[in-house]
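Protein chains: 4
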Amino acid sequence: MTDAGLRAHPSVAVVGLGYWGPNLLRVLIDRTDVTVRWICDSDTARLARFGRRYPNVGLASDLDDVLDDPELDGVLLATPVFTHHNLALRCLEAGKHTFVEKPLAPSAAQASELIELAEERELVLMCGHTFLYSPPVQAARELISSGQLGDLYFVSSSRVNLGLHQRDVSVVWDLGPHDFSILLYWVGGLPVMVRATGRDSIVRGIADVAFVTMGFESGLIANVELSWLAPSKLRRTVIVGAKRMVVYDDGSPEPIKIYDRGVDYKDPETFGEYQLSYRSGDILSPHLSTDEPLALQLADFVHGIRTGRTDARRLALARDVVVLAEAAEASLQNGGEQVTLRRHLLISGPA
Amino acid sequence: MTDAGLRAHPSVAVVGLGYWGPNLLRVLIDRTDVTVRWICDSDTARLARFGRRYPNVGLASDLDDVLDDPELDGVLLATPVFTHHNLALRCLEAGKHTFVEKPLAPSAAQASELIELAEERELVLMCGHTFLYSPPVQAARELISSGQLGDLYFVSSSRVNLGLHQRDVSVVWDLGPHDFSILLYWVGGLPVMVRATGRDSIVRGIADVAFVTMGFESGLIANVELSWLAPSKLRRTVIVGAKRMVVYDDGSPEPIKIYDRGVDYKDPETFGEYQLSYRSGDILSPHLSTDEPLALQLADFVHGIRTGRTDARRLALARDVVVLAEAAEASLQNGGEQVTLRRHLLISGPA
Amino acid sequence: MTDAGLRAHPSVAVVGLGYWGPNLLRVLIDRTDVTVRWICDSDTARLARFGRRYPNVGLASDLDDVLDDPELDGVLLATPVFTHHNLALRCLEAGKHTFVEKPLAPSAAQASELIELAEERELVLMCGHTFLYSPPVQAARELISSGQLGDLYFVSSSRVNLGLHQRDVSVVWDLGPHDFSILLYWVGGLPVMVRATGRDSIVRGIADVAFVTMGFESGLIANVELSWLAPSKLRRTVIVGAKRMVVYDDGSPEPIKIYDRGVDYKDPETFGEYQLSYRSGDILSPHLSTDEPLALQLADFVHGIRTGRTDARRLALARDVVVLAEAAEASLQNGGEQVTLRRHLLISGPA
Amino acid sequence: MTDAGLRAHPSVAVVGLGYWGPNLLRVLIDRTDVTVRWICDSDTARLARFGRRYPNVGLASDLDDVLDDPELDGVLLATPVFTHHNLALRCLEAGKHTFVEKPLAPSAAQASELIELAEERELVLMCGHTFLYSPPVQAARELISSGQLGDLYFVSSSRVNLGLHQRDVSVVWDLGPHDFSILLYWVGGLPVMVRATGRDSIVRGIADVAFVTMGFESGLIANVELSWLAPSKLRRTVIVGAKRMVVYDDGSPEPIKIYDRGVDYKDPETFGEYQLSYRSGDILSPHLSTDEPLALQLADFVHGIRTGRTDARRLALARDVVVLAEAAEASLQNGGEQVTLRRHLLISGPA
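Residue numbers (our numbering), protein chains in the order written: chain A, 1 to 351; chain B, 1 to 351; chain C, 1 to 351; chain D, 1 to 351.
Source of the hints: derived by calculation from the structure; they are not laboratory data.
Heads up, some of the hints might be wrong.
[Stated by the list, open to error] Restricting the straight-line Cα-Cα distance to at most 30 Å, the calculated cross-link-like pairs of lysine-lysine (BS3-like) are:
(1) Lys243/D / Lys243/C
(2) Lys266/A / Lys233/A
(3) Lys233/D / Lys266/D
(4) Lys243/B / Lys266/A
(5) Lys233/C / Lys233/D
(6) Lys266/B / Lys233/B
(7) Lys243/D / Lys266/C
(8) Lys266/D / Lys233/B
(9) Lys266/C / Lys233/C
(10) Lys233/A / Lys243/B
(11) Lys233/B / Lys233/C
[As the list claims (entries may be wrong)] Counterexamples of contact, computed for chain A against chain D with all Cβ distances above 12 Å:
(12) Val57
(13) Met193
(14) Ala299
As the structure is a computational prediction, the values presented were derived from the model and not from experiment.
Beta carbons: idealized from backbone N, C-alpha and C, even for Gly.
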């Protein structure tokens, strides 16, 4: 544990002020238990704009200036995907607690390297899987782990919108980690097989649509549609269990709907035919907290810095997301060939 | 051409009064240019019930009684899938024009056998791909073939509801032919590769959920979700083209919505970076005819009987649907292995 | 009680084969406990068309032919509004049990005349307020009468679509009776004041849009929007109670949604300010029967004929609907002036 | 014109940091052509919280400190309704350009007093009718004023949500001004009659639901439902014109939908009956700018300060909103009695 880890009122830097970084900044600025000492971006005009809004925050166009600050406890990285690993390494090596936007790293090996370094240096490392703090995602997990849905038959998900094309990674690495993290959180372990079919419709070499199919050891199958080319934004996941079904629609005023629906199979008593009976009961849309997931997550990071504690299960999940994205990307590159995953010792599942 | 084919006012029989047959019956009874001479079902109680409603129609529990009637011109088969081929053969051999519910046959070979027999006997043969008569499906085809959508990038479709489980075939053979026929009608040819992943959640050996991925020679990819296990009914297809996108939602009061949306790629002039610009224009929901597709289709069949003409392209399409279902089922049985289709001489495409 | 009333297997006539009559016919034909002996319409082409579909039913273009039939037990009238009273009188005078499409009569006096005549002649008289047999309407009534919604604050309803303009009556008499009957059924009594503002946008003298505001003795207020001029069909009613709120949307797959939402008022303890707390709980969409309301209603009518029993409360409600429509029309004609209703001895309310 | 009016880079104060003031603050802080010199609120804890976020802004708990600042050019008031008139008076008397949240004043007389004072002192006065800067509201106005909708038959609007109850004014004064301003903006003049029926369901004396009916000289009628008691948020307005219909739904991803629907009336040629034909054409959802209305409005205010120009038509509209709210409230207090408005010399209408 470094001294930094025990600071009652820590100070942090936000690195990267593109699409997502300003949200981190907005949330942190409003917290009274942490100080934003630095914002850092190579685009100096952008830096100046945010400097005007938050005049007490230091401006840096070079990360070294930030990391050299001995008063600084933590760094939040909201930079392009391909920089995550390298920048996180530098932060950890500089002795800073580190929050990295998802995905944690571009390969499982690099993810593990970061995890080990953080452990060795006794630093908090956290990956920005914000959806795990989302009330509907948590509600669905509770429905699954309490057995209310029964055995899971399949999950079908769509995460599509128009744009924003990434320049360095495919849609599998850009949008996929959202669904992968949610699935791992719900199911508690990696699938044993992955297949992905996609297409680089617009920019050669960068798939902008992909259909990822996964099979789990329990028999559960999952299909995830990912796309930057869609007529309208949709983030919708259907979970079909033996007892109940759930629709999680992130853009709906009723983000979780629990359908008391299913099919009951009655074995034939002697040599007769089996009977199926369809249950069609109530639909319940539970009241959910409207807390902002990002605020909850950053509270966790700040709390981590103050107590020096990392959530090891969450971190293992972040690495498994990378494992899954790697597998899906490999299948995609290989014309949809099946990728088989060895059993991982994932410790991120439901208790 | 049999004499039957030239009857000005033909007479027909409806065979099978289960889920769908009564719809055929209702539509035919209301036509003034055709007479329903027979209804036929092995369930005599059901037969009696419809006999009460339509007292002028002959009742038969044995198809032979129907086929023996020299006054009868055509037969419409709305029986279980596994009976289609055998019953259609009997009808054609008895010299009757034949309408078979989809799919045409359980294998491409058997489909071809029926087609050849009908040709040889100069009888009309028609398969119940009713969706091809649906105004939104036709509108989407027109948008595609006129070039208004531009090159097609991908198609993503969901056809799910709760029930009805079939006892003899998987969801790929039950619901799949709807999407397959629509895709073939829109695209004009078979895909070159098919993969299907599914699961027999309820009844061993009968897949009740499947995700079918297809790749076409043009580069177009398609993903079709088929399921009898769903919280609510959904029949929704998204077509993403280079110029426009279309959402076809069969249960919506606006079944076709055309989105003037897309991404334009600008090549870098020299060594610079490419530029993407996102277009987001109007959404148009065209007024569509509210004609009942089944009524249009049966009008076509009656017209076929009266003129002795079969639509050969439509019949080839019905066979290609069987080819596609066979391929998808084979992949499903094989753990999602890719099935490669040779190029078919499909003549069902847009002109 | 006439002999007709005790017939175990009664026979009936359907009079009027315009928009709604064919539905009555379809439902009755499929019942095994009643025989449709006659269909009657002055339009002989239409009569012939239905005769072709149902060859065992007698055709009549003159009501007298129907009423002269001594074997006939009951008549169902689905004729234009202005004919209801006169034709129902003739049916009752001919000793026939009578089902009249809503509204029962064009004035409260005439409605009472029919009710008295039916009582005197010991004949069943029923008015086609089909919505009272609709599962969502019944579910809402149960929620109200069991106290689950708490005191009712207000009801806001829209019943609009494009067309069909009536030629003889305003939208208040055409669409209003639906909402009026539902309100009376839910609330159990007439309002004490009515105001209606409307406009004859298309045909001079025939209001095609109206906003009807009602006040009840309990303090409940209701606003009903009625229109034949609307971009899309909408039948949606919101009931706001002290404990819960209900949305009844007749065109939705979830026709009843119960919102556990409200505001709690806390009295100031001493001289302080009152406090309001907003409750926002679950939303429940109860599973409802999918029985066809018209089938349930006609079963009731046939049962009435067989047992000779009229539902007097339902009949009183049908008369009160006329009272309410009269009041709303009077206000409409009078530029929105308030019409005050004396307290009626309504016996149609919840027990 | 005061000197303040000609300042190239003006400075302003935001007064009131409750529900809405922080939005004004956020937008102004991000503008480079204006400086926020002061924020002012009597709640010092709240003041301190915003001071932490924006450390360069002066804090004041007393408006006098703000108004005494000779460097200050303008004030934006986001305080409770009953304070608007008094505070605006003080600001104008202190020579400051003034932006007042809607409604401008609690009575037409007081609104006029403010307008006259601003004119006399050559100061910019603006009222926060932000909806007039909303792209869908502007699109609807354009459709109306260009004649694309034809004559307007009626407007039906719902503006409801759960909370927030105001303590000083009814829902007519709180939510009504939104609809009133939009209607005046679209129609170009005040109605000639107003009726309002409502109820104080929760807090005695403060109506929390109201149905306001208006009649215009052209024959147009409008019904507006206003409520703080609703199961879910709804801001939806239907405009029915002779040629087309528009649905404006502020919470929808397609906020404006234009329906090419209507009824055509054909006069009888001789003594025959008139004919109605129903037109049902395309539905168009035009692409609209996603500019934030508040940002556009505040840009206008800053521009006004820099040029010294007030939009007199907009200001007259703000006064007419007060006239309409006064009339509706008077009717509400009077059991729904009609209030007749004299013709106003409104200069806010479409050119």
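Hey, does valine 57/A actually stay past 12 Å from chain D on C-beta?
Non-interface label on valine 57/A violated, nearest chain D Cβ at 10 Å vs cutoff 12 Å.
Restraint status (C-alpha distance of lysine 233/B to lysine 233/C at most 30 Å)
21 Å, holds
Run the distance test for lysine 266/D versus lysine 233/B: straight-line Cα separation, threshold 30 Å. 42 Å, violated
Tell me if the straight-line CA distance from lysine 233/D to lysine 266/D falls inside 30 Å. Distance of about 41 Å is beyond 30 Å: violated.
| query | So is methionine 193/A really clear of chain D, every C-beta pair being over 12 Å apart? | reply | 36 Å, holds
Over 12 Å from every CB of chain D: does alanine 299/A meet that, or does the non-interface label fail? Alanine 299/A clear of chain D: closest Cβ-Cβ about 17 Å, beyond 12 Å.
Item checked: 30 Å limit on alpha-carbon distance, applied to hinted pair lysine 233/A and lysine 243/B -> Roughly 18 Å separates the two Cα atoms, so the pair holds.
For a C-alpha distance cap of 30 Å, please report whether lysine 266/B and lysine 233/B respect it. 41 Å, violated
- request: Mind checking the alpha carbons of lysine 243/D and lysine 266/C for me, to see if they're no more than 30 Å apart?
  value: Distance ~51 Å between lysine 243/D and lysine 266/C Cα, so the pair is violated.
Check: Are lysine 266/C and lysine 233/C close enough, with their CA atoms no more than 30 Å apart?
Finding: Judged against 30 Å, a Cα distance of about 41 Å means the pair is violated.
Exercise. Given the hint that lysine 243/B pairs with lysine 266/A, test it: the Cα-Cα distance must not exceed 30 Å.
Key: 51 Å, violated
Tell me if the straight-line CA distance from lysine 266/A to lysine 233/A falls inside 30 Å.
Judged against 30 Å, a Cα distance of about 41 Å means the pair is violated.
Figure legend: structure checked against the earlier numbered hints; hints not met, in rising order: 1, 2, 3, 4, 6, 7, 8, 9, 12.
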